[in-house]
Every structure is written in C-alpha cells, then in structure tokens.
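Q: From first to last, the protein sequence lines are chains A and B. Residues 1 to 308 in my numbering are what the first sequence lists, from first letter to last. Residues 1001 to 1263 in my numbering are what the second sequence lists, from first letter to last.
Among the clues, some could well be false.
Here are the simulated DSBU-like pairs of lysine-lysine, each with C-alpha atoms no more than 30 Å apart in a straight line [unchecked claim]:
#1 B:K1121 to A:K244
#2 B:K1121 to B:K1080
#3 A:K244 to B:K1229
#4 B:K1229 to B:K1246
#5 A:K244 to A:K305
#6 A:K291 to A:K212
Bear in mind the hints are in silico, worked out from the structure with no lab data behind them.
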Amino acid sequence: MSLSAIWGLVQTALELGLTCSLTVLALFLSYSMLNVCDLSTDGCFTLGATVGAVVAIAGHPYLSIPAAMAAGVLSGFITAVLQTRMGIDSLLAGIIVNTGLYSVNIAVMGKSSLLNMNKTETVFTRFHALLENTPLAGCQDLLIALAAVALVIVFLALFLRTRLGLAIRATGNNPDMVRSSSINPIFTTTVGLCVANAFTGLSGCLLAQSQKSVNIDIGSGMVTLALASLLIGQTFMGRGSIAKRAVGVVLGSIIFRLVYTIALRLNMPAFMLKLVSSVIVIIAIAGPYFKSQLPMLRRRMAAGKEGR
Amino acid sequence: MLTLKNISKTFNPGTVNEKTALTGVDLHLEKGDFVTIIGANGAGKSTLFNAIAGSFLPDTGTITLDGKDVTFQPEFMRAKSIGRLFQDPMRGSAPGMTIEENLALAAGGGGWLSHVSKAEKAAFRDKLALLNMGLEDRMRQPVGLLSGGQRQALTLLMATMVPPKLLLLDEHTAALDPGTAEKVLSLTQDIVREGGLTCMMITHNMSSALELGNRTLMMDSGRILLDLKQDQRKGLTVDDLLRMFKENVGKALDNDRMLLGVR
C-alpha cells in the first residue's frame, strides 16, 4: 500500500471522526455534564442533515448551517419540555422525539427518504473553489470539520464556566443540591439540551454536505457510536479542565474512526460498524463495574478453594 | 420575619400509608431569632422545614417570609432567601465540580453568562480561610475529595455566602464525628452571629438545644408542644425538658439518640 493511499485513509478517518465528534461533544454536554442520556440524538442528527440539505438545495449554502442548528435547538427543546414539564421519563422522552422525527425528516425531504446534493452548492463546494491552486487544495472537508470542532470546543470551555454553565453542571452532578438551591433545574436542563442538540444538528448537516447526499438512515445508531467515542475519550482524558476533556472526547471520536478504518482494511465488513460501537459502549460502561466487583469475586473464589 | 399559620400536611391521604406529618402548626419568628427544635423521630421537624422551604405545598395554611406570602412560591425561588443544610454532608455541594466553582454557584450575582471575576475568587479565598481547614489552598480541587466535615463546612459557607433571610439547619452535624461536629457547630454560631441571621436548627442533642440560640421548640406528632423563649429557657436542664415532654405528651421521651445528648 502506498503512502498516499494510507494518507487517503487517514484523511477520511479524520474527516469522519471530526464531523461526528460534534455529536460526541453534544453528548459530552448532555450525557457527561447534564447526566441525561439523550436518545433523540439519532433523529436530531438526521434532522440537521435534512434541514441543512434542503436549505442548501434551495440555494443558501451558508444559511444551511444555522438552519440545521436551529432545527437541533427546536428538537432539543421538545425533548426537554417532555421530560421537565410533562412528567415523561428522560429516556422515554428521547425515544418518543426520535420516533416522531422520522416522519418529520421525511416530510422535510419532501416525502422522500433520499436527497442528492451532487450538483448543489454547499459550504464544502464553496471552500473547494476557494482552496483551488493553494497547497491546501482538496482538504476543505478536513478544514471545515476542524474549524467547526475548534469553535464548539472553545464555546463549551467558555460556556461551561459561566454561571449558567456551572448551574447546568451542578444539575447533572448533584440533583439533590440543585433541588434545594436557587437554580431552577427545569431551566438548566432545557438550555443544556437545546445547546447540545444544536451541535448534533450541525454534525448531521456537515456530514450530509460532505457526503453530498442524505438518506433517512444517516443518523441511525449515531447515539451509540458517539457514546463509544465519548467513553474512549474519557478513558484517555477523564480528568482535568473542561477544554482538555472536550479535546479528549474529540480524540476519542478520531481514534474510533481510525480503528474502524483499519478494521475495514483487514476485511471486516462495513455493516459491522454498529455492532462494534455497541460492544465498545458495553465494555466501557461494564468494565469499571466488573473491576469494582473483582475483589469480591476473588474473595469468593479463595473461600471456595478453602472449601467453605 | 417568618409566620406560619395553620400549616397541615398529610402524606398519602386515603391510603393505608396515610401519615399526618403536620397538624395546624402556627409559628412566628422575629428577625434575628435562633430557634432550636427538638423532638423524637417522626415528630414532623424535617417536614416543617420542607414546608418552609417549599419542597411541597401544605394542605392548609399560609407561609409568610419577610412580609411576603410565599405559600405558592416554588422551592427554587424561595431558595434565594432561604439557606438550607441537611444531615447528609454530600447533599449540599457538587462533588464533580471544584471548590471554587461550587462557591461561584452559591455566590450567584452577575448575569447568567458572566464568569467568576478575580475579585470574587479572592473573596472566596478569604472566606475559606475563615474555616481554618486549609481549603483556601485547594480551591481548584473537586469537592468530592473533601471529607464529610470539610464538605459540611463548605456547604455552610455556600448557604450563607449571600446572607439568607432564614437559615434552616436540619441536624447538620449529626453525621460528623464529635470533634468535627463541634467545629462545624461553632462555625455555625459565628456565621449566624456575625450575619445577624434568623436561624432554625433541628438537633437531637438536647443540651446544645438549650445552650444555642434564644428559643427552643419541642415537637411531637406534627405539632409544636413547647415553645420556650429566652427567659423561660433560662436555667432549664435536660431533665427539666424531658419532664416537660412527659407532662405534655403523657409518655416518656425514650429516643436513644436524643438521650445521647444528656450530660
């Protein structure tokens, strides 16, 4: 295999890893900070992709990005309202919104389950044209993803240290404390989910535009994939400042994609991606649990040997 | 300052688990009052605090705080004027956030999107130094690393950072070892005295109930049995209290935890 072929593979892994790491950063906010497992992530990712695509096809490549993010905010708001104001369990609220979004997404795409953007002006084609004849020609996918990720990390690092950010973190960290304090948990949960889903929408929008197509399944399994990346990232940089941890989960996402790319080269069929991500999530969550159970298992086995 | 009129609360009404926790409680606190509350388990002491703090809506009655009817105000809004400490030292601070971040949350102030300023950090440092626990040099450490006593002292600091109109202490030293408990208690006295705070404290230690503050309430079966003010309290011993309880309820107060406080 030639060096340029390897770089090609690495570049694809980086692009995919970075683009999807925006969803991982969304879960970093909702799952790690707010302690809400937002199962509407799949649908919201697809929503960002479809809304972004439709707006771009309508001839507004730059507008497509804020539009996709706004759609994400709306979706996050509905998930938040269901769980904070209507007494619906937070997992169930995510699943309900996710299911509803399937229909919404098909409606957005004009009753179709596939949209093609081969001839559409997107942010990527614009930058492709801009970068032509420069040393960076052909790297627009990577650069756009990198810029988006950098902006989101900077935003999170600043935002989570504001009073609102601290209140959001406290809501996830010690709900008991928040209940008897002057923080309104309904407000913090709502803001947290809105912001997180804006990133999920952005992630979907960028992936669809770089692939030049959207289909209704673009976001399926995304929540597990992102969780796997998040958990990989946290094992590398579990402690430290918010910025460091955010960079850690982005690295997690890239590592996940690199490993997956290598596995594909070793003839693992592409359809295995979702099973692999499921197994990673299981290992990452069950691992620490089993580790904590280990001393007791050892004692039991020792006791068994002594014939007690 | 604080007025409770005819507050009643029954949990699980109409079921086998029906429990009348408060029955027509009337209470009035003057500004600067430091009230200690004693009573056996299940007497309604914590329920009284929950009613005042707004954890639930009482079945009957009204609550007025500083001239304002707060009966229907949600808990988080009342929390702006009520500071509260619980028995569990883990309950009052966020373990995954640093000491500094916890204090910043408690200090409030500034807009939602404002950051903690350098001046504020310096102020936090000074306040922490008053605890005399070395916490001022650990401001960037997560609170989860602190001991129970340190966490309760920090919670006390957080609850009184912005001086509350009313401070509710629900056996806040009961889960600490005797030495630490004493320290947290003396800190409490200092802070309450310096801030001139109005304070209610539930305790199972009858001698400290008589020593601290200027007023002692004794509760049983959701009612306030005895309300001993300044001069009525003077010269009373724990034995006197136990005798008074027996006379009022017609049964001896035989709670082991309460008797632990007898000297």
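Q: K1121 (chain B) and K244 (chain A): Cα distance at most 30 Å?
A: Judged against 30 Å, a Cα distance of about 22 Å means the pair holds.
Q: Verify the proposed pairing of K291 (chain A) with K212 (chain A), using a straight-line Cα cut of 30 Å.
A: Not OK: K291 (chain A) and K212 (chain A) at ~45 Å, beyond 30 Å, violated.
Q: Please work out if K1229 (chain B) and K1246 (chain B) have their alpha carbons no farther apart than 30 Å.
A: 19 Å, holds
Q: Please verify whether K244 (chain A) and K1229 (chain B) have alpha carbons no more than 30 Å apart.
A: Violated, at about 57 Å.
Q: Between K244 (chain A) and K305 (chain A), is the straight-line Cα distance small enough, at 30 Å or below?
A: Measuring from Cα to Cα gives roughly 47 Å; hence the hint is violated.
Q: K1121 (chain B) and K1080 (chain B): Cα distance at most 30 Å?
A: 21 Å, holds
Hints 3, 5, 6, counting from the list given before, are not met by this structure.
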